[in-house]
Amino acid sequence: EAEVAQSPRYKITEKSQAVAFWCDPISGHATLYWYRQILGQGPELLVQFQDESVVDDSQLPKDRFSAERLKGVDSTLKIQPAELGDSAMYLCASSSGLRGVETQYFGPGTRLLVL
Amino acid sequence: AQKVTQAQTEISVVEKEDVTLDCVYETRDTTYYLFWYKQPPSGELVFLIRRNSFDEQNEISGRYSWNFQKSTSSFNFTITASQVVDSAVYFCALLRSGGGADGLTFGKGTHLIIQP
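Here the protein sequences line up with chains A and B, keeping their order.
Per the numbering used here, the first sequence starts with residue 29, numbered consecutively.
Per the numbering used here, the second sequence starts with residue 346, numbered consecutively.
Hints listed in this document are in silico derivations from the structure and should not be mistaken for laboratory results.
Keep in mind that a hint or two might mislead.
[Stated by the list, open to error] Here are the in silico distance ranges between beta carbons for each label pair:
| # | chain 1 | residue 1 | chain 2 | residue 2 | range |
| --- | --- | --- | --- | --- | --- |
| 1 | B | Val-391 | A | Leu-67 | 16 to 22 Å |
| 2 | B | Gln-428 | A | Ala-30 | 25 to 31 Å |
| 3 | A | Asp-102 | B | Gly-407 | 32 to 38 Å |
| 4 | A | Ser-86 | B | Gln-414 | 28 to 34 Å |
| 5 | A | Tyr-38 | B | Asp-374 | 33 to 39 Å |
| 6 | A | Leu-143 | B | Gln-414 | 43 to 49 Å |
| 7 | A | Pro-109 | B | Glu-401 | 47 to 53 Å |
If you're wondering where the values come from, they're calculated on a predicted model, not measured in any experiment.
Glycine residues also receive a C-beta, built at the ideal position from the N, C-alpha and C atoms.
Kindly generate the complete structure, drawing on both the sequences and the hints.
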């Protein structure tokens with residue numbers, strides 16, 4: 029069964045350092061999402077890509093976060109510099125076909141701890 | 346604005362009991378989709394079901410069943426004869442249909458504990 033891949037699974041860093049997360053969506057899925065999940069909360073959307081284009085990044089803290097999907101396949105989410113409040117689970121999801129009506133399938137996530 | 350409320354923060358039952366997880370949503374859209382996801386301790390969100398706003402027919406899949414009622418804006422999830430492997434955090438989510446951003450709006454989740 030096709031899956032969304034993410035790496036690393038766990039990341040510990042010190043504040044002010046740079047971190048990067050990688051996501052490889054299910055093959056053929058045009059839409060890719062990055063969500064952030066704070067402990068005890070539901071995931072919240074950070075950024076959405078359709079192929080290589082950003083559809084929505086209104087909730088992405090652009091002063092420190094950046095995301096790219098250069099070839100419309102895999103994607104990287106970067107934080108620089110990391111802050112204590114960035115400690116969370118970062119989830120990647122992908123969906124196929126028509127936007128807005130397809131199910132989003134999630135990867136295993138990256139757990140980030142900022143010290 | 347869209348909102349999903351899962352009022353039950355944590356539920357604990359003994360194995361083989363039936364349990365219902367509540368989900369209430371708010372949206373001004375006439376077309377929308379509702380989802381349930383399961384998040385085991387490993388962290389991955391596992392898709393369980395999707396329902397569109399025009400389909401109020403209840404659904405059963407094995408021990409799982411879902412009750413969608415537009416009149417009360419609820420989409421409740423019942424597990425019959427619960428098992429220890431059902432222990433997880435369960436999220437209800439809402440997706441608006443149409444153009445623009447398609448991010449899911451999640452509730453805060455219900456932590457389900459099935460005791461042996």
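Looking only at beta-carbon atoms, does the pair Tyr-38(A), Asp-374(B) fall within the given range of 33 to 39 Å? For Tyr-38(A) and Asp-374(B) the Cβ distance comes to about 38 Å; the hint holds.
Go ahead and decide if the range 28 to 34 Å is satisfied by the Cβ distance of Ser-86(A) to Gln-414(B). Holds, at about 32 Å.
- prompt: Given a hinted range of 25 to 31 Å, is it respected by the beta-carbon distance of Gln-428(B) and Ala-30(A)?
  reply: holds (27 Å)
Quiz prompt | Hint check for Gly-407(B) and Asp-102(A) - Cβ pair distance inside 32 to 38 Å | solution = holds (35 Å)
Return holds or violated for the Cβ distance of Leu-143(A) and Gln-414(B) against the range 43 to 49 Å. holds (47 Å)
Is 47 to 53 Å respected by the C-beta to C-beta distance linking Pro-109(A) and Glu-401(B)? Check passed, 49 Å falls within 47 to 53 Å.
Does the Cβ pair Val-391(B), Leu-67(A) satisfy 16 to 22 Å?
Cβ of Val-391(B) to Cβ of Leu-67(A): about 19 Å, so the range 16 to 22 Å holds.
Of the numbered hints listed earlier, not one is contradicted by the structure.
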